[in-house]
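Asker: The chain contents come next:
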Amino acid sequence: MTAPRARRRPAALRLLLSALLVLPLAACGSGGGSGPGDADGAGAGADGGDTALTVLAAASLTDVLEEAKPLYESERGVELRLSFAGSQELAAQVREGVPADVLVTADSTSMDGVADRTEGPVVIAENELTIVTAPGNPEDVTGLADLAREDLTVVLAAPEVPVGRYGQQILDEAGVRVNPASQETNVRSVLTKVTLGEADVGIVYATDAASAGDRVATVTIPAAQNVLAEYPAAALSEAPNPVEAAAFVSWLRSDRAVELLETAGFRVP
Amino acid sequence: MSGPASRATRGAPLVLVVPAALAVLLLAVPLAGIVTRAPWGDLGERLASPRVTQALSLSLLVSGWALLLSLVLGVPLAWLLARSRIPGKALVRSLILLPMVLPPTVAGVALLQGFGRAGLVGDELRLLGITLPFTTAGAVVAATFISMPFLVITLEGALTGLDVQFEEAAATMGAGTLQTLRYVTLPMVLPSLLAGAALTWARALGEFGATLTFAGNLPGVTQTLPLQVYLLMQEDPEGATAVSLLLLAIAAAVLFGLRGRWLGAFARRR
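Sequence order for the protein chains is A and B.
Residue 234 in the numbering used here sits at position 234 of the first sequence, with consecutive numbering throughout.
Here the numbering used here = 1-based position in the second sequence + 1000.
Since the hints were derived computationally from the structure, they do not count as laboratory data.
Glycine included, C-beta positions come from ideal geometry on N, C-alpha and C.
There are no misleading hints in this set.
Derived list of chain B stretches under chain A, where covered just means 3 residues or more per stretch with a C-beta under 8 angstroms from a C-beta of chain A: (1) 1110 to 1117; (2) 1208 to 1222; (3) 1225 to 1239.
Some chain A residues well away from chain B (every beta-carbon gap over 12 angstroms; in silico): (4) Val122; (5) Asn226; (6) Ala247.
With these hints in hand, go ahead and build the complete structure from the sequences.
Answerer: This is the structure in structure tokens:
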């Protein structure tokens, strides 16, 4: 009774398998996650509550912008769509023509790389780097020099992303040679590997450490050894919604926004 | 036999031809994009750069080990699923299908929570002196997790479809179960075994999400070709396209190699 079914199954499976084989090839390009259809509708819908603004922002801005979102939406009557990733990844998306209105990066290099597609970037915040360890600092990490210790699993960000570049810069200047276990593709992955206990120590932004609360312990990097990362924000030249894009960039420098940024651990220039 | 078939082809209605053509375009255009946009001028130079060759040899190492592990663990599993009467077979089969439909990053999260330093069996693994996150071994485990199902499912399908009278004949001549498997069953399903192995290897070579999440990203240790494509895309799209072309060529070569096997298997079945 099962014989006919058993004979049919392999053929069906073969088809399924050959379809699945192609999937990994397609998975390499990641989209910006915004709906162009909705953006078009917003243009026609004038300044009602149906206007949508797509903001591409550095991963380290995740918490502060998620907090700002409901405030801004009720204040301005627009829908904010936030897309977070590493700054270089965002810049790459902009170069590929992602339909977005505003770009906020965690370094000037990424922003400069898309200078021909942005409208006059302004620095809205500054951030320092800090060392994070498991709560209670069980491995007794006291400073940058400890990152060279062989008994510690150190995770840094990849040199392709700003926090990785800054981290390498301060380690070089301090003369510390580190053999990282991994070069993560964004700062949040570094933080996650420490909070999960997979890594003993990592270098992240002060704001990331603040967002993790008591799930990590922080070891301050002295100002003389530290760098100050600049966060430029700009409206995109191809923004589907240029007026709202400019309004959001100037709002990022308002008293309300400054208060949010400072609470999250940023410095505001 | 050929009469009705050719009539059906001639009379193919537009309502079927149009969506079918769109389906082909959907698949073909992006791949054509890689081929036409690849930096052909300095392709050799780019692919021979130390960074790419390092990632390529790591990819070959990781996918080779993943295939080996899949064969060593997956062939017995496929045989048990097809031939034995162990309880809970349906459950095991679903478990094997799961990695094929799961987003690979979810697989990475699962691997971390299971086999990570702080994972479910992290302490036990540490006692055995095994650390998987951030190691090449971790990349192998991630690739095996994702790719072994292809081998098990292909082989189980072939074993189920095989007429048991050959195995019964071997048994009546006094061959033990393992002898029958070695001299009768496996040679008869060899085409399917090879096809499954090729799919498994290709899937392991292309593994990205689980590797990045579970094993991290470090050149020479866990940065395989797909991870390098992802990072290159952020600073050097041309370089990313060049490496993508390499992976595309490998995938195409695997399919080309499989074509004969599949046609052969189907022809015999009919």
